[in-house]
Amino acid sequence: MKRPGYVSGPGLWVLLFLVMVLLAGLSPGQAETLKVERPNTQLYGSPNFGSSTLGTVPPGAEVAVISRSGDWVQVNYGGKTGWLHKTAFPQAAGGVKLPGLLTGGPVRESKSDEVALAGKGFTPEVEAGFRQKNPGLNYAQVDQLERFQVSPAQLAAFLREGGLTP
Amino acid sequence: MRLKIGGIFLLVVTVLFLTGFKIPSLPVPTPSVPTPPMPGEARKAVDIGAKTGQKALVAARGISESEEYYIGRAVAARLLARNPLSQNQEATLYVNEVGQAVAQKSSMPRTYRGYHFGILETSEPNAYACPGGIILITRGLIKECQNEDELAAVLAHEVAHVAHKDGVNSINKARWTEVLTTAGTEAARQYGGGVAGSLVNLFEGAIDDVFKTLVVNGYSRGAEESADREAVTTLTRAGYNPAALAAILSRLNSRGGGGGIFRSHPLTSQRVDVVKMLVRQTASSPQEQARAKRFQEVRF
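Chains L and G are the protein sequences, given in the same order.
Residues 3 to 168 (my numbering) make up the first sequence, in order.
Residues 92 to 391 (my numbering) make up the second sequence, in order.
These aren't lab readings, by the way, just hints derived from the structure by calculation.
A couple of the hints might just be wrong.
Said to hold, decoys possible - Below 25 Å or equal to it, Euclidean Cα-Cα: the simulated SDA-like pairs (lysine to any residue) are:
#1 G:K264 <-> G:S214
#2 L:K135 <-> G:Q361
#3 G:K256 <-> G:E269
#4 G:K256 <-> L:P41
As the list claims (entries may be wrong) - Chain L regions said to be covered by chain G (calculated; three or more residues, Cβ under 8 Å):
#5 58-67
#6 138-152
Ideal placement from N, C-alpha and C gives every residue a C-beta, glycine not left out.
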């Protein structure tokens with residue numbers, strides 16, 4: 003007589019299989035990749051903003067994760083190994099994502115209409131119209147302010163001399 | 092038999108769980124009858140309906156980083172129309188160095204086009220965090236600072252306002268929804284005169300909202316306390332003495348007078364007390380003294 007309340011035979015195998023699938027989905031993949039979402043993302047030689055930059059990583063680029071250190075992720079991109087700050091991946095913030103299996107796949111695919119909407123709003127064209135309408139505003143000095151740059155070497159020396167954290 | 096039913100039930104539940112309880116949608120037959128021409132009123136009703144639907148579609152989209160950048164530029168242009176930018180290169184470089192030192196240790200070390208710090212030519216003590224990363228501090232407020240750590244404390248507080256998006260968050264929600272629905276119309280995609288014009292009006296309204304918060308009404312007490320809290324963390328991470336924030340706030344508060352900074356950044360004894368509780372007073376280190384010395388050497 004079979005004891006009720008226990009799963010055995012084919013039922014047990016099905017259950018074991020499903021548990022394994024779930025566990026496989028939950029664990030991070032062997033070769034984790036992240037997609038860069040922020041424009042003007044720099045690849046740094048060391049995990050700090052004062053270190054030398056190895057180049058720019060464009061938005062949409064996929065980078066292979068090697069290791070992590072605090073707010074920084076060591077990655078390989080285009081044959082170069084360097085460090086990206088976590089803010090390069092706003093969507094990935096929060097650690098390991100639940101696999102698609104548990105959540106029914108990506109919540110929502112972007113439709114072309116939404117992409118079009120996302121690209122519009124307050125744009126350079128709107129700024130141009132605003133400037134035309136408000137000629138008294140001092141955009142010339144805003145541009146001057148934005149052109150002013152502190153070079154990485156200048157900043158590194160400033161931090162060193164002041165005993166500040168690079 | 093009981094076991095078999097239990098197994099099937101388990102299998103069905105698991106499959107439903109894995110597929111996210113999605114039920115395949117069945118195609119709904121649509122009539123292929125041509126739509127008769129609509130009278131004006133009916134068309135208007137349909138347009139409103141479509142617009143409402145679109146509102147629901149786009150309501151979730153927040154202000155993008157580039158939009159925040161253009162808003163910040165406009166707010167800065169308006170502030171610079173009232174008080175010009177200092178042309179003192181030595182002081183501007185110094186303020187940018189201190190600003191970058193704290194910005195890179197904040198919760199948002201990078202923005203769309205980076206942080207930029209400028210000095211406003213006025214003796215009235217105040218500081219403004221324009222969305223996107225332009226931070227303006229008046230010469231009057233720099234003069235109130237007694238050393239580099241206090242200047243860093245003021246800038247770290249402003250960086251925190253940028254990082255928390257306290258400026259753009261003051262934009263009227265209904266106005267933002269209107270921006271999205273206007274931007275979503277076909278005419279806007281081609282930038283036809285009328286719609287582009289209404290986007291400019293909406294942009295103008297958004298700048299008013301942010302300007303009012305930054306200059307006229309000030310941030311909420313919660314936003315101020317949150318920015319103070321983050322400034323303490325940022326200063327500590329950067330290697331500055333976080334007690335400098337309590338020192339500068341305390342001095343400004345004791346001066347009183349209800350100037351612009353009291354409107355922009357509501358300053359109360361309670362706020363000063365909270366900051367004092369967050370930081371531990373420490374003896375001035377040799378590095379802090381070296382920083383104070385270089386601060387004294389800059390001619391503001």
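Quiz item: Tell me, which hint numbers fail for this structure?
Solution: 1, 2 and 5
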